[in-house]
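A.B. asks: Each chain, written out:
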Amino acid sequence: MAAPATPAARDWEALARRARWRRTAGQSLLIAFLVAVSLPIILPYFWMFTISVSARTGGVESVVLWRASSVLVPAVVGFGILRIFTDDRRRLWAGAAAIAAAALLALLLLVGRDLHLQNYRFLWNPDIVEEIRGAATASIQFPSVWVAFRNSLALALTQTALVLFVSTLAGYYLSRFQFPGRGGFLQGLLVLHAFPAMTLIIPIFLLMYWSGLLDTLTGVVLVITTLELPFSIFIMKGFFDAVPWDIEMSAMTDGASRRQAFLRVVLPQVRVGMLAVGVFAFIKGWEEYVFVRTLLFDKQNWVMSLYIFWVSEDIMGVDYGIVAAVAVFYILPSFLLYIFCQKFLVQMSLGGIKG
Amino acid sequence: MARIELRKIRKQWGEVVAVEDLDLVIEDGEFVAILGPSGCGKSTTLFMLAGIYMPTAGELLFDGIPVNEVEAKDRNVGIVFQSYALYPHLDVRRNIMFPLKFKGVPKAEAARRAVEAARLVHVEELLDRMPSQLSGGQQQRVALARALVKEPQLLLLDEPLSNLDATLRLSMRTEIKRLQRHTGVTTVLVTHDQIEATTMADRIVCMRKGRIEQIGTPEDLYERPDSLFVASFIGAPPINLLPGEARDGRLAVGGTELELLGAAAGRVILGIRPEALRPGEGGLPATVLDVEPMGRETLFLLETPLGQLRALLSGATAPYGAGDRTAFTFDPEDSILFSESSERRLPDVHVRLPA
Ligand SMILES: Nc1ncnc2c1ncn2[C@@H]1O[C@H](COP(=O)(O)OP(=O)(O)O)[C@@H](O)[C@H]1O
Ligand SMILES: [Mg+2]
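Line by line, the protein sequences give chains A and B.
Numbering of the first sequence is given in the working numbering, commencing with residue 1 and proceeding in unit increments.
Numbering of the second sequence is given in the working numbering, commencing with residue 1 and proceeding in unit increments.
Treat the hints as calculated values from the structure; they're not laboratory data.
Be aware that one or more of the hints could be misleading.
As the list claims (entries may be wrong) - Quick list of the computed label-pair ranges, beta carbon to beta carbon:
| hint | chain 1 | residue 1 | chain 2 | residue 2 | range |
| --- | --- | --- | --- | --- | --- |
| 1 | B | K209 | A | Y173 | 28 to 36 Å |
| 2 | A | R23 | B | S171 | 39 to 47 Å |
| 3 | B | L61 | A | Y173 | 33 to 41 Å |
| 4 | B | K107 | A | T218 | 38 to 46 Å |
| 5 | A | V346 | B | Q133 | 16 to 24 Å |
| 6 | B | K209 | A | L207 | 56 to 64 Å |
| 7 | B | S171 | A | V346 | 57 to 65 Å |
| 8 | A | H193 | B | T167 | 32 to 40 Å |
| 9 | A | D11 | B | P279 | 53 to 61 Å |
| 10 | B | E15 | A | L200 | 54 to 62 Å |
Virtual Cβ for every residue (Gly too), placed ideally from N, Cα, C.
Could you build all of it, start to finish, from the sequences and the hints given here?
C.D. replies: Below is the structure:
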């Protein structure tokens, strides 16, 4: 048996080498593919950002975009290659730091002189439109961006709180209790979610008008919350379904009342679900446009989406830089929220309470 | 500690009757096992004792006091679920302390008692781990500690060993028995495994389809099974059952006749335990069909005039091989007869091999 052992060993090595090569090639292809499909998504945002920090009154500097891209694209590709060929964490970090430093230096040299923050002056100067177009703007005196920001924040946060509260309780009840009409209720939730909300605009407008909630943030909050609820309840019910009965029963034999068992034992198991529902609700409230456009008129009630709409309406073609800067400012909160919650949101797709 | 009494307890969900007219008294400090196949209503009975389910009818008394309406949280019952039901978001220490939180035990004393309980089940070095970092056996011990820490008047165990591997099952059997003796707590164990029931419990309640089939000590159930069901459920390897016809003081079984001791007539079923059969001159002529070594014992499959029989002989080395011809006999007291129509045991009726 000793004789055939040597060629066999050589075969093993060849096989291992082939597998290694295949893995590397496969990974490179995957990364190339992901880069290719994400480019059309990332590029407009990148361009927007570039315009906001480089455009001067009167023109768009596409040169800056190309120069910045010529630095960043090789940097990203370089990092990808590094990822494929290094498994060692320490070396990966060192390499990444080196690439980042080189890219930063190159950016500074190539576009450093073109960067400025003038386009962000709307943050401290509320009369931005008058300044650019003179007093002749369509009789709209612009409110400070902070008014719109505060309104948006109030809208999104209130709506998030309401959605979280109602969908958590409703999801728990639907998951745990049997009551007449439960099946119909669940089906109704799905149908409501599939129903295009736009078709409701006129009835909702009338409803708001009759109830005196037209042109109030409260009205908009109620409308968006209602539209958001079916899906959130459904999601929360799914999370509660995944919590075993046993631990709840166990808590009750341990001396907890049903409410205490819910608060202390069941609720902690659905934290991820609540986070996901909360983030989605916040982003929904933050980005809402159609209903605020329909239901809010007074400029003291403007939210960010209305603010950016009127800014671009009034000065588009005159100053792209400011529009881009407002857009960046508008995106920032949802972007940050997403970055912080990304880890948990990914868990949600696994439906997991294993943490 | 408490004396538990169930009077005509019944539980049904709509048309489904899970438990029917259950009468049972569990003495203070007793260790009782509820034994039966899956779906016979064991867990339902246990959950009624815990207060998780409310009996549809009947009366449940703790120390002579009716507790039907008393909620689970007020019953001071410790329960270990089949899944252990540890709280996933709490570490072992907090899991064990959880029941004390609702009893108004001061924090320092609660912590001390938790450590004490952990020591009792040998998990004191795991106090700071999360449940997901524990093996099945460790989770089980923690669940036991949590059930015992509140010094319950009744300890309930729902199939506590079914998720453990064979070796662990053996050691936990001893362990649980030791804990029960040590604490003296009235204990009800639910299991579908007859070995668990017979090795651990003082008394066994054998259930079938929501009704009690027999109550007795392990010896009672083994030697004097009331019914065919109990006889075939208790004992491993299972009892030999042979249909026959009793007439004129003789029992016709298979191709031969046995001498009937006691009064019986009509169709009956003869039961002989594999352990009761032994080689003997002038006994039943038998051909060995198969030999199964089982460690210290050996199981033989025999072809006899009565039909096929299993015989269990002590000794690791088989005195016979397949194909051997020999003779087997048994003591008349070891034969059990059941009426075929009622499936009840015919008391004081035995059979003897014809001289
Ligand atoms: N919550 C419930 N609703 C309806 N039927 C149930 C419920 N719980 C148990 N049952 C039924 O009662 C019977 C006994 O169940 P159980 O007590 O869990 O059996 P086991 O002896 O295996 O523990 C089964 O037929 C089961 O289907
Ligand atoms: Mg069960």
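A.B. asks: Hint by hint, say whether it matches the structure.
C.D. replies: Going through the hints against the structure:
Look at K209 (chain B) against Y173 (chain A): about 34 Å separates their beta carbons, and that is inside 28 to 36 Å. At about 45 Å, the beta-carbon gap between R23 (chain A) and S171 (chain B) stays in the expected band of 39 to 47 Å. Our hint of 33 to 41 Å for L61 (chain B) and Y173 (chain A) holds, since their Cβ atoms are close to 34 Å apart. At about 44 Å, the CB distance of K107 (chain B) to T218 (chain A) agrees with the hint of 38 to 46 Å.
A hinted range of 16 to 24 Å for the beta carbons of V346 (chain A) and Q133 (chain B) is consistent with their spacing of about 22 Å. Between K209 (chain B) and L207 (chain A) the C-beta distance comes to about 58 Å, which sits within the given range of 56 to 64 Å. Between S171 (chain B) and V346 (chain A) the CB atoms are about 41 Å apart, so this pair departs from the stated range of 57 to 65 Å. For the pair H193 (chain A) and T167 (chain B), the beta carbons lie near 52 Å from each other, so the given range of 32 to 40 Å is not met.
Distance hint check: the CB atoms of D11 (chain A) and P279 (chain B) are about 59 Å apart, consistent with the given range 53 to 61 Å. Restraint check, E15 (chain B) to L200 (chain A): a C-beta distance of roughly 44 Å breaks the suggested window 54 to 62 Å.
Hints 7, 8 and 10 from the earlier list are contradicted by this structure; the remaining hints agree with it.
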